[in-house]
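We have chain A already, so just place chain B on it with the hints.
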Amino acid sequence: MKNMLYKEFKLALHPTSMIFLSLSAMMLIPNYPYYMIFFYTTLAIFFTCLSGRENHDIFYSMTLPIRKRDIVKSRFTLVIILELLQILTAIPFALIRRTFSLPGNLVGMDANVAFFGLSFLMLGLFNLVFFTKYYKDTDKVGKSFLWGTIAITLYMIIAEIGVHVVPFMKNTLDTKDPEFLLVKLWVLAAGIVFYALLTFFSYQRSVRSFEVLDL
Amino acid sequence: MSVLSVKDLCKKYDKFELNKVSFELEKGTITGFIGRNGAGKTTTLKSLLNLVHPNRGEIMFFGKSYNENEFEIKQKIGFVSGGIDYYPKKKIKTITGTTRRFYKNWDEKAYQHYMDLFKLDENKTPDELSAGMKVKYALVLALSHNAELLILDEPTSGLDPVSRDDLLDVFMGLSNDGITLLFSTHITSDLDKCADNIIYIKNGEILASTDLNSFLTEYKVLALTDEELTDELKSKLIGCKKSKHGFSALIRASDSENLDLAMSGADLESIVVHLEKE
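So the sequences go chain by chain: A and B. All the letters of the first sequence, read from the start, carry residue numbers -6 to 208 under the numbering used here. All the letters of the second sequence, read from the start, carry residue numbers 7 to 284 under the numbering used here.
It should be emphasised that the hints constitute simulated quantities derived from the structure, not laboratory data. These numbers were taken from a predicted model, which means no experiment stands behind them. Note that beta-carbon positions come from the ideal geometry of N, C-alpha and C, so glycine has one too. There may be inaccurate statements among the hints.
Straight line, CA to CA, 25 angstroms or less: simulated DMTMM-like cross-link-like pairs of lysine to aspartate or glutamate [to be verified]:
| id | chain 1 | residue 1 | chain 2 | residue 2 |
| --- | --- | --- | --- | --- |
| 1 | B | 21 | A | 207 |
| 2 | A | -5 | B | 78 |
| 3 | B | 125 | B | 171 |
Quick list of the computed label-pair ranges, beta carbon to beta carbon [as the list claims (entries may be wrong)]:
| id | chain 1 | residue 1 | chain 2 | residue 2 | range |
| --- | --- | --- | --- | --- | --- |
| 4 | B | 106 | A | 193 | 31 to 37 angstroms |
| 5 | B | 183 | A | 197 | 39 to 45 angstroms |
| 6 | A | 171 | B | 97 | 47 to 53 angstroms |
| 7 | A | 197 | B | 258 | 53 to 59 angstroms |
| 8 | A | 183 | B | 97 | 42 to 48 angstroms |
| 9 | A | 88 | B | 128 | 44 to 50 angstroms |
Chain A extracted, bound-state conformation (with noise of 0.2 angstroms):
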């Protein structure tokens, strides 16, 4: 496995993943929708799977002495850094807005703790929608991009209209912190166990229909 990870961050990661981790600095911009951010990690996660693609690498890895759900493993394992990456780098810049008493933000959710939580909701979401589609065929990326970029936007929307209309989201949930800082911490909790939770189903499903993919 450590021989897997190696390959997919010398060989099989693009490039760009590592150019959209700085984006997570977008959350100094005064009023964004901050998830797409998190879109940007999607991104990349799609440009790595389509260089993949051109450059045949399920191909090569089946020549490897690896298990053939070896490939999905690790392509899950550098997901999961990538993404939990831009959570790492976004934080800071979080902070720099609650340090310096920047404004709230008015296109949508605050740059809070609850948002973090709702973030993770969304990866993992994402997560679900793309690799259960991929890896039942590893050579229509686009398309299995296609729907989860539906699933996260549809996401996106709501939560964002949410924080306009929902009294709960609008009063408790999009504040500054520390304001309900135990609501929001909930939040956050329940977002990385979801993310968890659809991440490693994701990962059950597409090990499934990999195996029986012929390539």
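Okay, now just chain B, sitting in the frame of chain A:
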């Protein structure tokens, strides 16, 4: 114990079917896998490595089932499918640097030896290599982890005659060292030079799986004029076709005994060409 044993391998597609493919490879032998385009060679080879899933059949490497011992078996085999076509923009040293980590028996000395032998430059990318050099690099990777069985899909295509000959020498040397080779090819003269056994596949079915010499001595090639091509003779001929000076056909050695006609020993190419005409 066979190095590789395939029994009743079946794979059904909409327009093609691999039907009860069976063969065995013995240690230290070179086996040529021949058949025309679309006969099922690549599908068979891909099935061996789980790249496609057979509907039925049993595949055993070194007496062990592939599905249950994929990891262990892959350490002991090398698979080359044409030239290297993965990661064409990465430097060869990066690809090797990644690949070598996976093999506990990686032999750096052998790697350097074959890189020198094939005059490959580690600082080039696969895109900068000719078709023949791509095949050679793929072979270097397969030869550098002390594989006991090499499965090669068209390893000699795209190579110039001298490089092909060099490669066949390498194959024979490996075979003498006890390594087993299975390779598919369209260049039947390569097999005339080095193969011990032949597996001949046509329309997804194995027509012959035997040692090369008995396969060759089974047939004779006839060169016939219009007058010599009688109806009685026609019934014995295989794949009779027009040639520059009349007709040429294959005939079973047993049917040729009392014939007073110009005939010669058959080579693989003439056997395959005539059998495919049937």
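Against the structure, the hints:
1. Among the hinted pairs, residue 21(B) with residue 207(A) is consistent with the structure: their alpha-carbon atoms are about 16 angstroms apart, no more than 25 angstroms.
2. Simply put, residue -5(A) and residue 78(B) have alpha-carbon atoms about 17 angstroms apart, close enough for the 25 angstroms limit, and the pair holds.
3. Note on residue 125(B) and residue 171(B): the hinted pairing holds, with a Cα-Cα distance of about 15 angstroms set against a maximum of 25 angstroms.
4. For the hinted restraint 31 to 37 angstroms between residue 106(B) and residue 193(A), the CB-CB distance of approximately 32 angstroms keeps it satisfied.
5. As the Cβ distance of residue 183(B) to residue 197(A) is approximately 44 angstroms, the hint placing it in 39 to 45 angstroms holds.
6. Separated by about 51 angstroms at the C-beta atoms, residue 171(A) and residue 97(B) satisfy the suggested range of 47 to 53 angstroms.
7. The beta-carbon spacing between residue 197(A) and residue 258(B), approximately 57 angstroms, falls within the hinted interval of 53 to 59 angstroms.
8. In this structure the supplied range 42 to 48 angstroms holds for residue 183(A) paired with residue 97(B), their Cβ-Cβ distance being about 46 angstroms.
9. Range check, residue 88(A) to residue 128(B): Cβ separation about 46 angstroms, and the 44 to 50 angstroms hint holds.
Violated hints are absent here; each numbered hint is respected by the structure.
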